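**Q** One-letter residues, chain by chain:
There are 2 protein chains.
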Amino acid sequence: MSKILRVNMTDLTATYEDVPEKYRLLGGRGLTSTIVADEVEPTCHPLGPHNKVVFAPGLVSGTAAPNSGRLSVGAKSPLTGGIKESNAGGISSQKIAHLGIKAMVVEGQPREKQLYALRVSKAGAELVPVPEIAGKGMYETNATLWARYGRVAIVGIGLAGERLMTNAGVSTNDMENGPGRYASRGGLGAAMGSKGLKAIAVDDAGVRDVPIKDPEAFRVAAKQLTDALREHPVTSQTLPSYGTAVLINVLSEAGGLPTRNFSSGRFEGAAKTSGEAIAGLVKARGGVGRMGHPCHPGCVIQCSNVVPREDGTLACAPVEYEPDWALGANCGIDSLDDIATMNYLCDDFGVDAVETGVALGVAMEAGLLKFGDGKAAIELLEEVGNGTPLGRIVGQGAAFTARAFGVTRVPVVKGQGMPAYEPRAVKGIGTTYVTLPMGADHTAGYAVATEILSVGGKADPLSPAGKAELSRDFQVATAFLDSTGYCLFISFATLDIPSGFEGMLGTINAMYGTSWTAEDITRIGQEVLRTERRFNELAGFSKGMDRVPEFMKHEPLPPHNTVFDVPDEELDRVLAF
Amino acid sequence: MSKILRVNMTDLTATYEDVPEKYRLLGGRGLTSTIVADEVEPTCHPLGPHNKVVFAPGLVSGTAAPNSGRLSVGAKSPLTGGIKESNAGGISSQKIAHLGIKAMVVEGQPREKQLYALRVSKAGAELVPVPEIAGKGMYETNATLWARYGRVAIVGIGLAGERLMTNAGVSTNDMENGPGRYASRGGLGAAMGSKGLKAIAVDDAGVRDVPIKDPEAFRVAAKQLTDALREHPVTSQTLPSYGTAVLINVLSEAGGLPTRNFSSGRFEGAAKTSGEAIAGLVKARGGVGRMGHPCHPGCVIQCSNVVPREDGTLACAPVEYEPDWALGANCGIDSLDDIATMNYLCDDFGVDAVETGVALGVAMEAGLLKFGDGKAAIELLEEVGNGTPLGRIVGQGAAFTARAFGVTRVPVVKGQGMPAYEPRAVKGIGTTYVTLPMGADHTAGYAVATEILSVGGKADPLSPAGKAELSRDFQVATAFLDSTGYCLFISFATLDIPSGFEGMLGTINAMYGTSWTAEDITRIGQEVLRTERRFNELAGFSKGMDRVPEFMKHEPLPPHNTVFDVPDEELDRVLAF
Chain A
519 MSKILRVNMT
529 DLTATYEDVP
539 EKYRLLGGRG
549 LTSTIVADEV
559 EPTCHPLGPH
569 NKVVFAPGLV
579 SGTAAPNSGR
589 LSVGAKSPLT
599 GGIKESNAGG
609 ISSQKIAHLG
619 IKAMVVEGQP
629 REKQLYALRV
639 SKAGAELVPV
649 PEIAGKGMYE
659 TNATLWARYG
669 RVAIVGIGLA
679 GERLMTNAGV
689 STNDMENGPG
699 RYASRGGLGA
709 AMGSKGLKAI
719 AVDDAGVRDV
729 PIKDPEAFRV
739 AAKQLTDALR
749 EHPVTSQTLP
759 SYGTAVLINV
769 LSEAGGLPTR
779 NFSSGRFEGA
789 AKTSGEAIAG
799 LVKARGGVGR
809 MGHPCHPGCV
819 IQCSNVVPRE
829 DGTLACAPVE
839 YEPDWALGAN
849 CGIDSLDDIA
859 TMNYLCDDFG
869 VDAVETGVAL
879 GVAMEAGLLK
889 FGDGKAAIEL
899 LEEVGNGTPL
909 GRIVGQGAAF
919 TARAFGVTRV
929 PVVKGQGMPA
939 YEPRAVKGIG
949 TTYVTLPMGA
959 DHTAGYAVAT
969 EILSVGGKAD
979 PLSPAGKAEL
989 SRDFQVATAF
999 LDSTGYCLFI
1009 SFATLDIPSG
1019 FEGMLGTINA
1029 MYGTSWTAED
1039 ITRIGQEVLR
1049 TERRFNELAG
1059 FSKGMDRVPE
1069 FMKHEPLPPH
1079 NTVFDVPDEE
1089 LDRVLAF
Chain B
519 MSKILRVNMT
529 DLTATYEDVP
539 EKYRLLGGRG
549 LTSTIVADEV
559 EPTCHPLGPH
569 NKVVFAPGLV
579 SGTAAPNSGR
589 LSVGAKSPLT
599 GGIKESNAGG
609 ISSQKIAHLG
619 IKAMVVEGQP
629 REKQLYALRV
639 SKAGAELVPV
649 PEIAGKGMYE
659 TNATLWARYG
669 RVAIVGIGLA
679 GERLMTNAGV
689 STNDMENGPG
699 RYASRGGLGA
709 AMGSKGLKAI
719 AVDDAGVRDV
729 PIKDPEAFRV
739 AAKQLTDALR
749 EHPVTSQTLP
759 SYGTAVLINV
769 LSEAGGLPTR
779 NFSSGRFEGA
789 AKTSGEAIAG
799 LVKARGGVGR
809 MGHPCHPGCV
819 IQCSNVVPRE
829 DGTLACAPVE
839 YEPDWALGAN
849 CGIDSLDDIA
859 TMNYLCDDFG
869 VDAVETGVAL
879 GVAMEAGLLK
889 FGDGKAAIEL
899 LEEVGNGTPL
909 GRIVGQGAAF
919 TARAFGVTRV
929 PVVKGQGMPA
939 YEPRAVKGIG
949 TTYVTLPMGA
959 DHTAGYAVAT
969 EILSVGGKAD
979 PLSPAGKAEL
989 SRDFQVATAF
999 LDSTGYCLFI
1009 SFATLDIPSG
1019 FEGMLGTINA
1029 MYGTSWTAED
1039 ITRIGQEVLR
1049 TERRFNELAG
1059 FSKGMDRVPE
1069 FMKHEPLPPH
1079 NTVFDVPDEE
1089 LDRVLAF
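Sequence order for the protein chains is A and B. Each residue of the first sequence is one higher than the last, beginning at 519 in the working numbering. Each residue of the second sequence is one higher than the last, beginning at 519 in the working numbering.
Hints are computed from structural coordinates only; laboratory data are not their basis. Please note that a few of the clues may not be correct.
The list cannot tell twin chains apart, which means a pair is met if one copy fits it or any two copies do.
When the alpha-carbon atoms are kept at most 30 Å apart in a straight line, the in silico DSS-like pairs for lysine-lysine are as follows [as the list claims (entries may be wrong)]:
#1 K1061 / K1071
#2 K654 / K640
#3 K893 / K631
#4 K888 / K631
#5 K540 / K888
All of these numbers come straight from a predicted model, not from anything done at the bench.
Take these sequences, add in the hints, and give me the full structure.
**A** This is how it looks when you write it as structure tokens:
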């Protein structure tokens, strides 16, 4: 029985509601964005009582479909002021789906300052005060909750979220209870913190409420997708062997790896911080180290890793491409150990490691510390954990840090720091950064696939030509994919292998009795984006927000010495449907 | 010979240009806003090389017309991200006008980090490096420049502007070289600082290049206006006797004096911090103390003051209503001495005292210090001067401070703190705050005149009815008035005394050979506002930005227990022309 769990933090109630027919074929981002648009006043304060935080598994989450364990978290963003969805792996999406929960909608605010955990199981849902984990990092929080509730899924916030820092993310635990999976972007952890909700603990023991209309067709389709994932070299070899950080060398080589606060596209320390280097370190150090680590059961790609310290104990799990870059190349830091230490601190404090790295780069530009000084960066990051005034600046993200110190070279769109691809050197992803309703995200319109990896066709990354269309196609397709629960990385296989695409769509059709085609993907993806854009317009954004930071129009980026030159009129066409 | 002085901080040149015909009948705000809209890319970084800072005397500045010494400063605002004009009294507007300068346009940025003064006189204009006043407060800056250049007009920035704090204002000196006149709002001091321009020193010795087409008609009209100002009780008695702070008791009585971060409309310490109390203190202490102090030659109202310390030495000049309220009632502080000390520090550091008081109120709400603790507030303010991380937070204004500490009760519109009238209790001025293109300003649509002071008619301040029209009428008329160089306070006389209005318009017609009527005022005022709105739309704002902070819609304000209930549709109609 599919249902919506409505959690009212004012009355401290958690009640199940029927799913309105209009939400039946929505999941993940499509559902979080629609509920936010339907229920949240766009001009409300994102940390006030009228924002809502929505958690939704994807359409096929909880099934045996491969790589279908993404959880979407949505709200009005405390970072951008616009609508936001961020999704993560980990074990929560499947467990929430197993309980027959299509979405959890958290609303209101406690009358008294108190932190709660929401416990959800077959027996029902209840809010429990958790003063004992107030102010605790995510590692201790997760350990405490497993000790109490068993091997539950945990969706939680660190002290950054409790402190309403607008760079706070939402953690979901992995199979070893590590907190390193994050719906990290857009400050959703602060939105959750503003509700007084420290964690959601989900126990799916004894229940698998995931009805599938045509199980046999589903099985066949899931196998088609699995086979394609096992066939494509990126998903079957590259990613499990080297992890996502394999991109460090690739992007640096392409001149598109933002280095030292987006002042160069090539990092001399790339090799030392690459996926290959991580794999070498894992092999050399042993201990807990591991490549080919899955973030949830049913993952057949296993792109993740566990990075060990020199003594073989845990340094950080995982170190993915984006944090590796943000805390590494973007800060001029080439020590994997320093990067892993910072990444661990981000995961523990509960801040977005990408935004944190961009903020640190800005702080270095401001002269607070030197580019390349890993030890100083770790010290500054510890101030975030300690909540000092300086920590509160950096903990608000890159745009905020820039303003505090008068830095104008600030790589943000709609107040959100740019991820690990330089718009001036990879112009399709740059087009996504600026036009996406959610600020500078890379996953939601990953033109890099075509521009750099030659997946789904080829495009010159340095040319502005055709980038409006390329970004639009990726954004529309991803708005659909983000609604399914599938990991974005299946796209390598579904773009290049027709049976993989058929399998992906086939699982959904088999599960819901639909007969969607590629046209439906476009229709649904466009509708999601329209909903998100409409919310932003009502929230106060006009198309003047869809622009690259000024310095990228004027300052040529080495080594190609190009500027961002996709014309404004082209940008305005991207989502004009 | 009317001309535009273009100051290029990259090339370090200052060159005179002819005035384009389209600018001939523009002055003050009309001219700054038009030049900004014509020359500044709306999506540029406000502290980057492509913003421009424009200084313009009004249409009749430099003449013998009474109270015509306002100087407008315009730019893309570092605080709001939209277009901004802020104007101030002091001696600069007249001197700039005497030199035949219609506007100064400052553009570019120095190639090397260096501070300059722009020296302007009959002999020409030149940029002079001034490393010796870098980092100096405005009091020392002004004293240094007078020692060097004689009794020049000084338009300058304190260390807040040098540090690019987005709450930095632009100071203009008064006849005693005090720096307490500020074009304070919107962070224009940071825009000036980003140009490397510490000060403009204007010497009008030996030149009076202010042509008047019909001198006799001008003389008659100016006298009509002067007579009206001398007749109206507000401009002839109330203001010179008690200063602008006479409003403290009036607004508290009306329940519209924002108290303790906008949590009440009535302040129990009103009487102790009122204009009457200032007058009493001036009388009792003597020394430099003075009421009825003019901010520029030719002022016949003389609403300003010099507040002495207990020993008769200078505490602050002036203490006006807005800073008195911001640093007083809004912080729950009822000591005039503490308020004067803080006001002095704001003037010296170069921050907007209004925004600073709103930021302090937010910091108190966050628990950093207690409401009412003047000593702690002074200490926190000193951190702004010292540039500590905490000082850099507070020095960015109220919205920034709120975000740093997770405060959601933040009285701002478009990122700018609200001045001294509570929107929930004085709904016409609230309507101005939210719809004005420049964020929450009071002067640019002073519906208070009608709602509280019964000038220009009467309106119930607590009722939302008719407030769209009332605000529109005031905004349109003020957009014109802000273009003339006249002080807003002439409106008391021009609204109530027909010959005063005739005199005001008559001076302009006599000077320029126009035959403008009331309809032209509307036409011109509307055009200025249209230009400003268009800039903001291109900069990224939609009408969702024209909204009151959420808490004011839901939280009733004592003592009247009213919320802000002017409907959104009404707000959207205000400037829809």
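**Q** All hints, please: hold or fail.
**A** Here's how the hints hold up against the structure:
For the homomeric pair K1061 and K1071, the shortest alpha-carbon distances inside one copy (17 Å) and between copies (28 Å) are both at most 30 Å. When the C-alpha separation of K654 and K640 is checked against a cutoff of 30 Å, the pair qualifies only within one copy, where the shortest distance is 28 Å, while the shortest distance between copies is 67 Å. Taking the shortest Cα distances, K893 and K631 sit within 30 Å of each other only across copies (29 Å), while inside one copy they are farther apart (36 Å). For the homomeric pair K888 and K631, the shortest alpha-carbon distance between copies (19 Å) is at most 30 Å, but the shortest distance inside one copy (40 Å) is not.
Taking the shortest Cα distances, K540 and K888 never come within 30 Å of each other, neither inside one copy (53 Å) nor across copies (50 Å).
This entry does not satisfy hint 5, going by the numbered hints stated previously; all others are met.
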